[in-house]
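> The primary structure of each chain is shown beneath.
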Amino acid sequence: MKILSPIIFLISSLNLFAELKFDTPVIKAEADHKTKTITREYRFKNISTKTVTITQADAGCSCLAAEVANGKLEYAAGEEGVLRATFEIGNLQGLVEKTIHIWLKGDAEESPSTSVQLQVYIPIIINLAPKTVNWVSGEDVAPKLIEVKIEHDKPVHVTKTESSSEMFSTKILTVEKGKHYQIEVTPKGADQVGLSIIRIETDLDVESQRIQQGFAVIRKAQQ
Amino acid sequence: MNTFTQFFVIAGISAAAAGGTWLVKKPSEKVALTCDASQISDEEICLADVPDTALWIDARSRAEWKKNGLKGSILWNMDPSEDANRFEAEAAAAILNADFVIVYCGSKACGTSKEIAKRIRLLNLGPKVKSLYGGWEAIKDSSAVLQNR
Chain A
0 MKILSPIIFL ISSLNLFAEL KFDTPVIKAE ADHKTKTITR EYRFKNISTK TVTITQADAG
60 CSCLAAEVAN GKLEYAAGEE GVLRATFEIG NLQGLVEKTI HIWLKGDAEE SPSTSVQLQV
120 YIPIIINLAP KTVNWVSGED VAPKLIEVKI EHDKPVHVTK TESSSEMFST KILTVEKGKH
180 YQIEVTPKGA DQVGLSIIRI ETDLDVESQR IQQGFAVIRK AQQ
Chain B
0 MNTFTQFFVI AGISAAAAGG TWLVKKPSEK VALTCDASQI SDEEICLADV PDTALWIDAR
60 SRAEWKKNGL KGSILWNMDP SEDANRFEAE AAAAILNADF VIVYCGSKAC GTSKEIAKRI
120 RLLNLGPKVK SLYGGWEAIK DSSAVLQNR
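Just so you know, the sequences run in chain order A and B. Residue numbers for the first sequence follow numbering that gives the first Met the number 0, so the first one is 0 and each next one is one higher. Residue numbers for the second sequence follow numbering that gives the first Met the number 0, so the first one is 0 and each next one is one higher.
In short, the hints are calculated from the structure, not lab data. These numbers were taken from a predicted model, which means no experiment stands behind them. Each hint should be verified, as a subset may be incorrect.
The calculated EDC-like cross-link candidates involving lysine to aspartate or glutamate, where the alpha carbons are at most 20 Å apart (straight line), are [as the list claims (entries may be wrong)]:
no. : chain 1 : residue 1 : chain 2 : residue 2
1   : A       : Lys33     : B       : Glu81
2   : A       : Lys130    : B       : Asp82
3   : A       : Lys130    : B       : Glu89
4   : A       : Lys104    : A       : Glu78
5   : A       : Lys130    : B       : Glu87
6   : A       : Lys35     : B       : Glu89
Taking CB as the label site, the calculated pair distances span [unchecked claim]:
no. : chain 1 : residue 1 : chain 2 : residue 2 : range
7   : A       : Leu94     : B       : Asn123    : 12 to 22 Å
8   : B       : Gly125    : A       : Asn126    : 13 to 23 Å
9   : A       : Glu73     : B       : Gly71     : 25 to 35 Å
10  : B       : Gly125    : A       : Glu79     : 48 to 58 Å
11  : A       : Thr85     : B       : Asp51     : 36 to 46 Å
12  : B       : Asp82     : A       : Glu66     : 24 to 34 Å
13  : A       : Gly137    : B       : Asn96     : 11 to 21 Å
14  : A       : Thr54     : B       : Ser141    : 36 to 46 Å
15  : B       : Asp51     : A       : Glu79     : 46 to 56 Å
16  : B       : Asn84     : A       : Glu73     : 38 to 48 Å
Where is the CB? At the ideal position from N, CA and C, for every residue including glycine.
Model the full structure from these sequences, guided by the hints.
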């Protein structure tokens, strides 16, 4: 037993070559507008010479849950497993890149052993450009346009627009019905500075993107 | 083997194991968190370089923000249960009046701060926008920042 104690201690201490190798550490996924969640699996293998224990897999975002399939956390040398990532789209749009960090037993809190990445592209059905229209106090108050372009499999109409502040008025201009609109934003005067939210309502059947918003700003003139 | 010898054998093995781990797995991130501005991306900033007047955006969960978010910070995260339009609208006025915006999330590893910083830049409201290298891990170790909370 006297000889055995240090040997047991040595075995439990040595976590030197623990390593999981993932077949595809970066997975790209594309959502369609009806998708609410995306699940992808990362296959891995313990390529070290000893058993490793996964203690945590975390993406640092409540939008992405990571779990080891079947709840199995210990992997013998050469054993394979699956990490499952479930991404909740919510009202996110565009390209979202999330990294999942994997901690093995013995890892410092700040130093996960390895990581994998999920890149999700969520289609932007309604694209606003520019997102913000700007004026300078005391200068010309000519109207400015926010372009509203629609990329969808059926027509989407801008049904209403309004400014959160009385400093601006808004008007919907139709360029191509169901496909392309312009929101004309006009300051009622440029003698004050401020910001207004330009709310743009549509009849899009995707709830998370149905209401859009831009901004109108009158800035102080540079001294 | 007597107790004394056994103690030294265990201590020796422990030291060897610790040294080996240090060599193979590298020092912990606590050391790596020493931020070198020349080694980080243009989108990031070291805590030491954050201007005093910067507006802080907390990209962690609402619960974490409520628990210990920096004084004056604004919540804006990617939680699917939150309203992204509302975050954007609530932050816009403060961002417009700021000359520097710093976004932080839970750690160097989390990545959400970069996503939020990207969204703020797209608003084109004027100020410089950076994500904090090390995130909350850097802040919690800084007495200077925490004193202002």
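> Holds or violated: Lys130/A and Glu87/B, Cα atoms, limit 20 Å.
11 Å, holds
> When you take the CB atoms of Glu73/A and Gly71/B, is the distance between them in 25 to 35 Å?
Once the Cβ atoms are compared, 46 Å apart, the range 25 to 35 Å for Gly71/B and Glu73/A is violated.
> Evaluate the given range 48 to 58 Å for the C-beta pair formed by Gly125/B and Glu79/A.
51 Å, holds
> Can you let me know if the beta-carbon spacing of Gly137/A and Asn96/B is within 11 to 21 Å?
Holds - the Cβ-Cβ distance for Gly137/A and Asn96/B, about 19 Å, lies within 11 to 21 Å.
> Decide if the proposed pair is consistent with the structure: Lys130/A and Asp82/B, CA atoms, cutoff 20 Å inclusive.
Holds, at about 18 Å.
> For the pair we were handed, Lys130/A and Glu89/B, check the Cα-Cα distance against 20 Å.
Since the Cα atoms of Lys130/A and Glu89/B sit roughly 15 Å apart, the hinted pair holds (cutoff 20 Å).
> Does the beta carbon distance between Gly125/B and Asn126/A stay inside 13 to 23 Å, or does it fall outside?
The hinted range 13 to 23 Å holds for Gly125/B and Asn126/A, with Cβ atoms some 22 Å apart.
> CA of Lys104/A to CA of Glu78/A, is that 20 Å or under?
It holds: about 16 Å lies between the C-alpha atoms, which stays within 20 Å.
> State, for the Cβ atoms of Asp82/B and Glu66/A, whether the hinted interval 24 to 34 Å holds or is violated.
Once the Cβ atoms are compared, 27 Å apart, the range 24 to 34 Å for Glu66/A and Asp82/B holds.
> Does 46 to 56 Å hold as the CB distance between Asp51/B and Glu79/A, or does it fail?
52 Å, holds
> Is the straight-line distance between the alpha-carbon of Lys35/A and that of Glu89/B 20 Å or less?
With Cα atoms ~25 Å apart, Lys35/A and Glu89/B exceed 20 Å; violated.
> Do the Cβ positions of Leu94/A and Asn123/B conform to the proposed distance bound of 12 to 22 Å?
19 Å, holds
Violation of the numbered hints given earlier is confined to hints 6, 9 and 14; the remaining hints are satisfied by the structure.
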